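If you want the building blocks of each chain, they are given just below.
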Amino acid sequence: MPEGLLIKGGHIVDPSQGIDSIGDILIEDAKFSKVAIGTTLRVNNKAIRVIEANGMYVIPGLIDMHVHLREPGYEHKETIQTGTYAALRGGLTAVCPMPNTNPINDNATVTSFMIRKAYQEGYCKVYPIGAITKGQKGTELAEMALMHEAGAVAFSDDGRPVMNSLVMRRALEYSKILNVPIISHAEDLNLTEGGVMNEGILSYAFGLRGIPKAAEEVMVARDIALARLTNGRLHIAHVSTRCAVELIRRAKAEGIKVTAETCPHYFTLTEEAVTGYNTNAKVNPPLRTADDVAAIKEGLKDGTIDVIASDHAPHHRDEKLLDFDNAPFGISGIETLLSLSLSLVSVGILTMSGLVEKLSLNPAKILALSGGTLKEGCQADMVVIDPNKPFTITEESLASKGKNTPFLGRVLTGKAVYTIFKGKVYEVV
Amino acid sequence: MKKDLVSIKDLTADEIRHILVTASTFKDVLKRDIKKVPTLRGKTMVNLFFEPSTRTRTSFELAQKRLSADVLNFSVTTSSVVKGESLYDTLRTIQSYGADYIVIRHPCSGTPHLLSKIVRASVINAGDGINEHPTQALLDAFTIQEKLGEFKGLEVAIVGDILHSRVARSNTLCLRALGANVRYVGPPTLIPTYLPKGIRAFYNLQEGLRGVDVVMALRVQKERMDRGFFPSEREYFKLYGIAEERLQMAAPNAVVMHPGPMNRGIEISSEVADSERAVILEQVTNGIAVRMAVLYLVGGADA
Amino acid sequence: MTKELLNKKDIDRILSRIAHEVIEKNKGTEGLCVVGIQRGGAHLAKRLVSKIRTIEGTNIPVGSLDISLYRDDLKTHRPLPVLRKTDIPFDITDKRVILVDDVLFTGRSIRSAMDALMDLGRPAQIQLAVLVDRGHRELPIRADYVGKNIPTARNENIEVLLEEEGKEDGVFIESP
Numbered sequence: 001m002p003e004g005l006l007i008k009g010g011h012i013v014d015p016s017q018g019i020d021s022i023g024d025i026l027i028e029d030a031k032f033s034k035v036a037i038g039t040t041l042r043v044n045n046k047a048i049r050v051i052e053a054n055g056m057y058v059i060p061g062l063i064d065m066h067v068h069l070r071e072p073g074y075e076h077k078e079t080i081q082t083g084t085y086a087a088l089r090g091g092l093t094a095v096c097p098m099p100n101t102n103p104i105n106d107n108a109t110v111t112s113f114m115i116r117k118a119y120q121e122g123y124c125k126v127y128p129i130g131a132i133t134k135g136q137k138g139t140e141l142a143e144m145a146l147m148h149e150a151g152a153v154a155f156s157d158d159g160r161p162v163m164n165s166l167v168m169r170r171a172l173e174y175s176k177i178l179n180v181p182i183i184s185h186a187e188d189l190n191l192t193e194g195g196v197m198n199e200g201i202l203s204y205a206f207g208l209r210g211i212p213k214a215a216e217e218v219m220v221a222r223d224i225a226l227a228r229l230t231n232g233r234l235h236i237a238h239v240s241t242r243c244a245v246e247l248i249r250r251a252k253a254e255g256i257k258v259t260a261e262t263c264p265h266y267f268t269l270t271e272e273a274v275t276g277y278n279t280n281a282k283v284n285p286p287l288r289t290a291d292d293v294a295a296i297k298e299g300l301k302d303g304t305i306d307v308i309a310s311d312h313a314p315h316h317r318d319e320k321l322l323d324f325d326n327a328p329f330g331i332s333g334i335e336t337l338l339s340l341s342l343s344l345v346s347v348g349i350l351t352m353s354g355l356v357e358k359l360s361l362n363p364a365k366i367l368a369l370s371g372g373t374l375k376e377g378c379q380a381d382m383v384v385i386d387p388n389k390p391f392t393i394t395e396e397s398l399a400s401k402g403k404n405t406p407f408l409g410r411v412l413t414g415k416a417v418y419t420i421f422k423g424k425v426y427e428v429v
Numbered sequence: 001m002k003k004d005l006v007s008i009k010d011l012t013a014d015e016i017r018h019i020l021v022t023a024s025t026f027k028d029v030l031k032r033d034i035k036k037v038p039t040l041r042g043k044t045m046v047n048l049f050f051e052p053s054t055r056t057r058t059s060f061e062l063a064q065k066r067l068s069a070d071v072l073n074f075s076v077t078t079s080s081v082v083k084g085e086s087l088y089d090t091l092r093t094i095q096s097y098g099a100d101y102i103v104i105r106h107p108c109s110g111t112p113h114l115l116s117k118i119v120r121a122s123v124i125n126a127g128d129g130i131n132e133h134p135t136q137a138l139l140d141a142f143t144i145q146e147k148l149g150e151f152k153g154l155e156v157a158i159v160g161d162i163l164h165s166r167v168a169r170s171n172t173l174c175l176r177a178l179g180a181n182v183r184y185v186g187p188p189t190l191i192p193t194y195l196p197k198g199i200r201a202f203y204n205l206q207e208g209l210r211g212v213d214v215v216m217a218l219r220v221q222k223e224r225m226d227r228g229f230f231p232s233e234r235e236y237f238k239l240y241g242i243a244e245e246r247l248q249m250a251a252p253n254a255v256v257m258h259p260g261p262m263n264r265g266i267e268i269s270s271e272v273a274d275s276e277r278a279v280i281l282e283q284v285t286n287g288i289a290v291r292m293a294v295l296y297l298v299g300g301a302d303a
Numbered sequence: 001m002t003k004e005l006l007n008k009k010d011i012d013r014i015l016s017r018i019a020h021e022v023i024e025k026n027k028g029t030e031g032l033c034v035v036g037i038q039r040g041g042a043h044l045a046k047r048l049v050s051k052i053r054t055i056e057g058t059n060i061p062v063g064s065l066d067i068s069l070y071r072d073d074l075k076t077h078r079p080l081p082v083l084r085k086t087d088i089p090f091d092i093t094d095k096r097v098i099l100v101d102d103v104l105f106t107g108r109s110i111r112s113a114m115d116a117l118m119d120l121g122r123p124a125q126i127q128l129a130v131l132v133d134r135g136h137r138e139l140p141i142r143a144d145y146v147g148k149n150i151p152t153a154r155n156e157n158i159e160v161l162l163e164e165e166g167k168e169d170g171v172f173i174e175s176p
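Chains as they are written, first to last, in the numbering used here: chain V, 1 to 429; chain C, 1 to 303; chain A, 1 to 176.
No lab work stands behind these hints: they were computed from the structure. Hints should not be assumed to be uniformly reliable.
Unchecked claim - Calculated Cβ distances over 10 angstroms to all of chain A for the following chain C residues: (1) 181; (2) 190; (3) 197; (4) 233; (5) 238; (6) 247; (7) 251; (8) 269.
Said to hold, decoys possible - Cβ pair distances, simulated, as ranges: (9) 276(C) / 135(A): 54 to 60 angstroms; (10) 12(A) / 32(C): 44 to 50 angstroms; (11) 163(A) / 261(C): 51 to 57 angstroms; (12) 153(C) / 141(A): 37 to 43 angstroms; (13) 194(V) / 68(C): 39 to 45 angstroms; (14) 95(C) / 390(V): 36 to 42 angstroms; (15) 390(V) / 58(C): 53 to 59 angstroms; (16) 194(V) / 117(C): 45 to 51 angstroms; (17) 135(V) / 68(C): 57 to 63 angstroms; (18) 166(A) / 260(C): 44 to 50 angstroms; (19) 155(A) / 409(V): 44 to 50 angstroms.
Treat the numbers as computed from the prediction; the structure is a model and nothing was measured. By construction, the Cβ of each residue, glycine as well, lies at the ideal position given by its N, Cα and C atoms.
Work out the full structure: start from the sequences and follow the hints.
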């Protein structure tokens, strides 16, 4: 077991310290002990393992603030062990699982269970997100403070919206005790009404019931109004429409405490991916139009959208092998998060520094987590990325139990080659 | 021709015309004393109906038997197949019976498409969710051709619940491919918000029927009223029911069609349903001939 | 390589001869009717009936038969099979049917035609008249009236062109 780790000659990108240049990083005792920019570190200790990182990016470990790890209750789809292992392979050192497990994570017992499981079997850090309401039923507030004490970092009823505006108001007000965000799955269930893909010309062509963009827009507008009223902290999950981006932009300009996240499929795919009744493209919110994709990219570029998260929603193969109406919603995205997001850098929408903000620094800030940085003294969670390495997405190349991704068969460019968690190196092969 | 008929989009305009021509030969066969030809003798046809349907199933069954094929009927009610849970298993089991043709009706759009990728047999879509009902559109086109001749420039009004109608959608594709013009007439709540170019929507029945050559009335389902698409049956009939006076606006020799079964007094008045203009029973007869043509022309497992 | 074996005049003489043979064999035209197999046989059938009218002065009923629905080779049929008209506007029950085809080869078309006729009625007798018999029978079928016997190799092709189809009358043999 080497006493330390030296990452040599990589392109270090750490926006938390304003670093964006070639340098070396030394890790000792599972912490960053030295970060040298522009110079090389000379280390005499032969027991230190050296990783040559020429031509690679060296960045803080990614933090995925929106995943579904399915445990407890749906272990056939994914477990904390398999999910965090897949996360590690995707360059992630921390994930935030949503509470729509079985039993639902609406109390400290389930929160503790998840944390304990992650500690015993997990491959990266797990920060649970607790439910806003008991049973995610949308009527009574859950014990946020007790869950927070047990380790929950934010609250959401994700999977579902909080339909009752009064309950959402109370949640935003109550969350101020803990100064944590309320994460909104913005969907008006009544407008969705049996819909399975974006409502538009294509849903007409395919003979499938549509989910109108208005279903997202009305709830984003509502949540922003409530954030304004309560001065609570609002975070909008998986933004998919132009109008939602515009509403958030205006709210931020006004000074309302709102942050937002989107997922890679919303800036790389459109509703066309559903062609042929491809259930791997069935997701909620649904894939939208080219105009929305453009708006998401604009929102990422100008900072309206703060975070890129995966909304990792693994399902068992049998469950997606159904007719489109009955297949469950969800894309397995934890392992493709980084590679798909790198495409934003190659087309100039984001700089690498900007990307690190979206994938690491901002989630850490929003959820008040340690991490998202390479600062000396901090826990050594980082990832070495080869921006040119091809990544062929196949069922075999994915470690997650969930193979339900519309990117099957695609070759992406750029992936994590070494993920370092608590100073331990995992080589992604 | 493709091995399956899952959507009207699977057919070129020429292939549609060929089916109609072939159907008229089969219509002659149906007039003979021996209403049978040995053409598909020894072929196994499975009728897989996940939704109850007497008319369409019977029509297919007759067509199959007139072609001397062996027919197996599976009526799978949704309670016995738990919400699609064992759909793949059911479909693969059918294939193991050695089916050459599978005629499938399913409550979810896209299922025949799925089936055609799993099985070697020829898949014929007898209605999938709100998506398509290709043989209905073909028999409607056949009926129109018999009555009115050429399709180019014909004005067809589809009236009623277009949003949930697979008959409307297949007919729209078929008629436009043949050169006819299609318009939708109905309450805004039952017409899709996003329509392809070239289809006009009319919320006023009189305007919608002006100069029209074919009036296709769609069945109104009571549950649409219960789910808030329109307030009551009597208001629906007042605004959109096909009654004698409303037809004054249409072309003088306009034809009235209905895929059946009819709700007399809701989407269509009894007088119109029983009048000379209504070709509803002919649609049924033609259905058998058209389905025989489809089964004859679509490949079969060896194609 | 294509070679003409029979020309317009040859075909005409053959039809005249067959017409005489039919009348002779059946001792007149009572109870006779003629059915031609689409397409070539149907045209020849009409010509035959016309010849018989000239000789005997009687009109016998004539019809055409499409055998597509009775074929035994559906698996290998071309992409879009075309159905032609079966037009037999008279009852064939108890009649002597003269079935007419242009080329007799394996015999399978004739078998299909007989099956089709049986579905349409119960003829008293079926007699077969062909313009050309090229051999290579695969079924026990023989013609009662033959225009010309033309021995062929399996891979050769006999083509019968007729005026009714817009070509000059002629019978050709094609060798690869």
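How the hints compare with the structure:
With 10 angstroms as the threshold on Cβ separation, the claim that residue 181(C) sits away from chain A holds: the shortest Cβ distance comes to roughly 28 angstroms. At roughly 38 angstroms from the closest C-beta of chain A, the C-beta of residue 190(C) stays outside 10 angstroms, upholding its exclusion from the interface. Under the 10 angstroms C-beta cut-off, the non-interface status given to residue 197(C) relative to chain A holds; the minimum distance is some 30 angstroms. Every Cβ of chain A is farther than 10 angstroms from the Cβ of residue 233(C); the closest lies at roughly 45 angstroms, confirming the non-interface assignment.
Every CB of chain A is more than 10 angstroms from the CB of residue 238(C) (nearest about 47 angstroms), matching its label as outside the interface. At roughly 36 angstroms from the closest C-beta of chain A, the C-beta of residue 247(C) stays outside 10 angstroms, upholding its exclusion from the interface. With a least beta-carbon separation of about 32 angstroms from chain A, residue 251(C) lies farther than 10 angstroms from that chain, consistent with its non-interface assignment. Distance check on residue 269(C): its Cβ is at least 40 angstroms (rounded) from any Cβ of chain A, clearing the 10 angstroms threshold; non-interface status holds.
A beta carbon spacing of about 59 angstroms between residue 276(C) and residue 135(A) agrees with the range 54 to 60 angstroms that was offered as a hint. Between residue 12(A) and residue 32(C) the beta carbons are some 36 angstroms apart, a value that contradicts the proposed interval 44 to 50 angstroms. The supplied range of 51 to 57 angstroms is met by residue 163(A) and residue 261(C), whose beta-carbon atoms lie about 54 angstroms from each other. Checking the proposed 37 to 43 angstroms range against residue 153(C) and residue 141(A) shows it is violated: the Cβ atoms sit about 51 angstroms from each other.
Range check, residue 194(V) to residue 68(C): Cβ separation about 43 angstroms, and the 39 to 45 angstroms hint holds. Hint check: residue 95(C) to residue 390(V), Cβ distance near 38 angstroms, so the stated range 36 to 42 angstroms holds. Remark: the range hint 53 to 59 angstroms for residue 390(V) to residue 58(C) is upheld by a beta-carbon distance near 57 angstroms. Checked against the hint of 45 to 51 angstroms, the pair residue 194(V) and residue 117(C) fails, with Cβ atoms roughly 25 angstroms apart.
Range check, residue 135(V) to residue 68(C): Cβ separation about 60 angstroms, and the 57 to 63 angstroms hint holds. Restraint check, residue 166(A) to residue 260(C): a C-beta distance of roughly 45 angstroms satisfies the suggested window 44 to 50 angstroms. For the pair residue 155(A) and residue 409(V), the supplied restraint of 44 to 50 angstroms holds, since their beta-carbon distance comes to about 47 angstroms.
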